[in-house]
Amino acid sequence: MADFRKFTAHILLTAFLAASLSGCLRSEVAEPAETGGIGRYAPGERPPETAADVESETAEAPETDSGNVGYTPPPLDNKPNTQTSETTEISYKIEDGKYVYTFSEPDRSRMNDTSWLSSVSKALFSDQGEDASGSWYFGKVKRDLTTGEISYVWDRSADTVELIKQYGGIYRQNEEEKVCYLTFDCGYENGYTDPVLDVLKEKNVPGIFFVTGQYVDTAGDQIRRMIDEGHIIGNHTEHHYNATGLSPETFREEIESVERKMESLYGYTEPMLYWRPPQGGCNEYVLAMSEAMGLHTVLWSFAHYDYDTENQPDYATALQKAKEGLHPGCVYLFHTVSKTNAEILSEFIDWVRAQGYEIRPICG
Numbered sequence: 116m117a118d119f120r121k122f123t124a125h126i127l128l129t130a131f132l133a134a135s136l137s138g139c140l141r142s143e144v145a146e147p148a149e150t151g152g153i154g155r156y157a158p159g160e161r162p163p164e165t166a167a168d169v170e171s172e173t174a175e176a177p178e179t180d181s182g183n184v185g186y187t188p189p190p191l192d193n194k195p196n197t198q199t200s201e202t203t204e205i206s207y208k209i210e211d212g213k214y215v216y217t218f219s220e221p222d223r224s225r226m227n228d229t230s231w232l233s234s235v236s237k238a239l240f241s242d243q244g245e246d247a248s249g250s251w252y253f254g255k256v257k258r259d260l261t262t263g264e265i266s267y268v269w270d271r272s273a274d275t276v277e278l279i280k281q282y283g284g285i286y287r288q289n290e291e292e293k294v295c296y297l298t299f300d301c302g303y304e305n306g307y308t309d310p311v312l313d314v315l316k317e318k319n320v321p322g323i324f325f326v327t328g329q330y331v332d333t334a335g336d337q338i339r340r341m342i343d344e345g346h347i348i349g350n351h352t353e354h355h356y357n358a359t360g361l362s363p364e365t366f367r368e369e370i371e372s373v374e375r376k377m378e379s380l381y382g383y384t385e386p387m388l389y390w391r392p393p394q395g396g397c398n399e400y401v402l403a404m405s406e407a408m409g410l411h412t413v414l415w416s417f418a419h420y421d422y423d424t425e426n427q428p429d430y431a432t433a434l435q436k437a438k439e440g441l442h443p444g445c446v447y448l449f450h451t452v453s454k455t456n457a458e459i460l461s462e463f464i465d466w467v468r469a470q471g472y473e474i475r476p477i478c479g
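Quick note on the numbering used here: the sequence shown kicks off at 116 and runs consecutively.
If you're looking for bench data, these hints aren't it; they were derived computationally from the structure. All the given hints hold, so there is nothing to weed out.
Below, in silico cross-link-like pairs of lysine-lysine (DSS-like), each with a Cα-Cα straight-line distance of 30 angstroms or less:
1) LYS454 - LYS376
2) LYS316 - LYS213
3) LYS280 - LYS257
4) LYS293 - LYS318
5) LYS208 - LYS318
6) LYS213 - LYS454
7) LYS318 - LYS438
8) LYS454 - LYS318
9) LYS316 - LYS438
10) LYS438 - LYS454
11) LYS436 - LYS293
Derived CB-CB ranges, DEER-like:
12) THR262 - SER362: 47 to 55 angstroms
13) LYS316 - THR217: 16 to 24 angstroms
14) GLU264 - LEU380: 46 to 54 angstroms
15) GLY335 - THR432: 29 to 37 angstroms
Glycine is no exception: its CB is placed at the ideal position from the N, C-alpha and C atoms.
Work out the full structure: start from the sequences and follow the hints.
Okay, structure coming up:
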């Protein structure tokens, strides 16, 4: 337990130092978080020395793959793929080489009287340690790039993972299949979203882009490309506040403000059923509000330090980290402010497919 506390204390320090480096909002225009949260980070990059140092249940590693070098991905077809949940039905199909989505309208009637939320726990996840912000960190997965063997060095506890699933959230998705998902956080435009979109278009790969209100206001060309080229637009809230301390009324406004802007500026009326908690701030209270809003909370099972625009990882290091993180159902988090992400994306996609993996929309 003492070692675990030291580890979580190190995470807290790391997060504090990283707060000003977040790729989600420019510091000179960002409004302060109402909660005083310390900013998102990727502490999965700093795992304990051994799995025993974390008091959590480690997932059993799935069967390994040997690389399947030379794998050719199947062509796009028109076969529909549907996923259902208690709150929404989400489907997609591929028409003329483009992903087309159908989202049901969310029922938000439970948010009209939110007194029931007073009985929902605001405590941190049981395995969160001493990080008072509740910022999400992910389990440590290590892939041997020679053999394809996957090791789950340590993972979030079973009760945390189950709680996320209970409220329709996503940590990993379809873990029994060789699939992964590319998700991108967009706080402001830094010149690299277009190169990312170019690669996704060339490779026929779907992505989901989580946009803040600031991004919606200022990145019109990129938003239009995302819509026109068959990507899902996810909600990253108006002001990027840590949601663990928000009132239900403020939370709803943070979500619906982005939705209104998307409709008024771009005529985008599709329900935005996926959202990503700013700064990774998440607990049962946040999950419950999200479900009541008809939203799926999308966390991640891979991220790296890509959001510091003044200290970008080099190409080889970033590519290797991304490769080593590949596992069944992996949800990748990338920031579009990153020059390196834009550079490695094409080679990374080719490599993922060469391992026999399919890259799907987050609803697939």
